[in-house]
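Undergrad: Here's the letter readout for the chains.
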Amino acid sequence: MNAALPQVGAIARRSVVRTSRQPAAVVFPLVFPMLLLLVNSGGLEASTHLPGFPTDSFVAFALAVPFIQGALFSTMNAGTDLARDIQTGFLNRLSLTSMRGVALIAGLLAGAVVLGLVQAAFYIVVGLIIGVEFAAGILGILVLFLFSAVISISFGAIGLYLALRTGSGESIQGLFPLLFVFLFLSSMNTPRDLIEVEWFRFVASINPVSYLIECVRSLIITGWDARALGLGFGIALMIGIVAITAATLSLRQRLVRT
Amino acid sequence: MDRVNSIEVEGLVREFKKGPRAVDGIDLHVEPGEIYGFLGPNGAGKSTTVLMLTTLLPPTAGTARVGGYDVVADGPKVRSVIGAALQEAALDPMLTGRDHLRLQATLQGISRAERKVRAGELLDRVGLAEAADRKVGGYSGGMKRRLDLALALVHRPQILFLDEPTTGLDIQSRTALWDEVARLAREDGVTVFLTTQYLEEADVLANRVGIIDHGHIVAEGTPHELKAEIGLPSVHAIPAEESDRQRLAEALAPYGESLDGGTRDVVVRLRDGLAGLPAVVRAVDDAGLKLASLEIQAPSLDDVFLAKTGRSLEGAEEGEPDAAESAA
Chain A
1 MNAALPQVGA IARRSVVRTS RQPAAVVFPL VFPMLLLLVN SGGLEASTHL
51 PGFPTDSFVA FALAVPFIQG ALFSTMNAGT DLARDIQTGF LNRLSLTSMR
101 GVALIAGLLA GAVVLGLVQA AFYIVVGLII GVEFAAGILG ILVLFLFSAV
151 ISISFGAIGL YLALRTGSGE SIQGLFPLLF VFLFLSSMNT PRDLIEVEWF
201 RFVASINPVS YLIECVRSLI ITGWDARALG LGFGIALMIG IVAITAATLS
251 LRQRLVRT
Chain B
259 MDRVNSIEVE GLVREFKKGP RAVDGIDLHV EPGEIYGFLG PNGAGKSTTV
309 LMLTTLLPPT AGTARVGGYD VVADGPKVRS VIGAALQEAA LDPMLTGRDH
359 LRLQATLQGI SRAERKVRAG ELLDRVGLAE AADRKVGGYS GGMKRRLDLA
409 LALVHRPQIL FLDEPTTGLD IQSRTALWDE VARLAREDGV TVFLTTQYLE
459 EADVLANRVG IIDHGHIVAE GTPHELKAEI GLPSVHAIPA EESDRQRLAE
509 ALAPYGESLD GGTRDVVVRL RDGLAGLPAV VRAVDDAGLK LASLEIQAPS
559 LDDVFLAKTG RSLEGAEEGE PDAAESAA
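Chain order of the listed sequences is A and B. Under the working numbering, the residue at position 254 of the first sequence is numbered 254, and the numbers go up by one with no gaps. Start counting at 1 in the second sequence, then tack on 258, and there's your number in the working numbering.
The shape of chain A in the complex, shown without the other chains (with noise of 0.2 Å):
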C-alpha cells in the first residue's frame, strides 16, 4: 500500500491541477448553485409561513442544495476527465506504468475530494456572508466538510463507473440532466412533511438525494440531528461503496493489461 500512496498523490494532484487550470471547470460548480439559490430564495420566501417550516431563513434552509449540486459536478468532471483519458490513450499511457488499479481510482476520487472541499468552503463562505447562521456551530461545519469529502467520494465513483463502462465523455455528459431530476424530485425546496402532492411526496421519500439534503441542512438549520445525520452519512456512504466496487471492477474489465 505505501508504494500506491504517492501513485494516488500525483493523480490526484493532476486531477486538480487540470481543473484548476479551466477556469469554466472552476467557477461553474461554483457561480451555478449560488445563482440557483438566490433565484430559489426570491421566488419561494414565502414559503417560510407554512405552517411548520422548519426556519424563517428560506437562505438558509435552501443552502444545503449547493452542497449536492456541487457533487453532482463531482461526477461529471471525474467521468469527463477519466472518460477522455480512456478516448484520448492517455489510460494507455498509464496502463504501462507501474501504477496500481486501486491507486487510479483512489487518485481520482481524492482530486474530486479536493475540489470537493474546495466548493464546500466557498458555499460556507458564501452562507455566512449573507447572514446564514449555522445552528451546529464551528463543529457542525467541520463535519460539512466531511459530509462533503464523502459525497464527493460517492459521486465521483459513479462518475467513474460511468466513464469506464462508457468510454465516452459526451455519454457523461448526457446523463447529467438526469442526475439532475433527481436532485428536482427531492426535498430540495420543501421538506417532505409539507409536501402535498402525494406522489411527489412518496418520489421524495424513497429518493435518496432528499436524505443526502437533509443531512446538510440539518447541521444549518437544526443543530445536531442524528437521525438525519445517520441517513446522510450512511447512504452517501452506501452509494459510495456500490459506486467503488463498481468502478474497480469495471476498471478490470478496462485495463486489459495482462
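Mixed in with the good hints, there may be bad ones.
Partial chain B-side listing against chain A, Cβ under 10 Å, derived [stated by the list, open to error]:
1) Thr312
2) Ala342
3) Leu344
4) Gln345
5) Pro351
6) Leu353
7) Gln362
8) Asp406
9) Leu409
Hints are computed from structural coordinates only; laboratory data are not their basis. Computed from a predicted structure; not experimentally measured. All C-beta atoms in this analysis are idealised placements derived from N, C-alpha and C, irrespective of residue type, glycine included.
Fit chain B to the known structure of chain A by using the hints.
TA: For chain B alone, coordinates are given in the frame of chain A:
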C-alpha cells in the same frame, strides 16, 4: 541473461471478434541493442503486434517474450523493462511537459529526489527545456512526439517500442527523432522496436526490417539484404548526342547485363552493385563520351514490398481493427 534486452516471438496470433486475424502467426527475434523496423501499410497488423508485445492486448495464440519475460504470464515484469510511445501521443493538453514527466516518474516508482533531476535530463535531451513549463496543448506535433519519447524513457527502459513515431511530422522533426533513437541504441544499448509506414525511416534507421502484410511477415532482413534479394542497382545513361547511343552501350556492356531502356536510355544492371559505379564513369570518360544524364536506380524497400506482395507500399492501406475496441 543474453535475452535481457531481446524480443522473441513465436506463432503470435490476434483475432478480433467479428474481424479478421489482425496478426496471423508471426515469428520474430530482435537482438539486444538492435533497431528493428516493422514496416507495413496501415492495417497490416503493426500496432496490434505492438499492443501485444507491450502487454496491452492479450494474444489469441502463440508466445512472446520481451526482455526475457512472457507477455502473458509476466505482464508487470515486461512493463518494468519496456518503454513505449504508442501511435497517438496521448498527452494531457492541460499539463505542462514537466508535469507529464513528474507524473510518469512517480507512477514508475522513481524516488522523489530523482524525479526532478530525471525530468530535467530528459527535457534537455529531447530539446524541450525551454517549453517545459508550457501547457502541452500549445505544443507542435513534433514537440508532442519528443515529449512522448521522453516519457517512454523516464524509467530507463531496456527495450523501447515506438509505434509510428514520426507520422505526420515535418522532415526536421523526423530527422531529430531519428537521431535520438539511433543514439539510444548506439550509446545506451536500448533495443528499439519501431513500426513505420515510411520506407525511408526503416531504411535509414533500422538494423533489420520485417515487412508485414495482412498479419503475415512477408520478408525480413537488413535493408541491404532485402534490396539485394530482389535485384542489383541499374545505371541509366543518356548520351548528349543521340548518335553516340551505340558507343555508350558498348562502353557500359562489360559492367553488367544490358536492359531495355527504350530508344533513348542505355540501361545496365551493375554486376558489382554500387561498387561498380566508379568504373562505369571512368569507362564513359575513356571513350570520350558526353552524357546528358546519368542516374542510378537502386531497388527500394517499396520494390521489396512490391515483389513480396504484388502491391506497392504507397497506397496499400486497409483499416486495422481498433484493438482497444475489438478486444472485448
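Undergrad: Would you pick out the hints that fail for this structure and give their numbers low to high?
TA: The structure conflicts with no hint, since it agrees with every one listed earlier.
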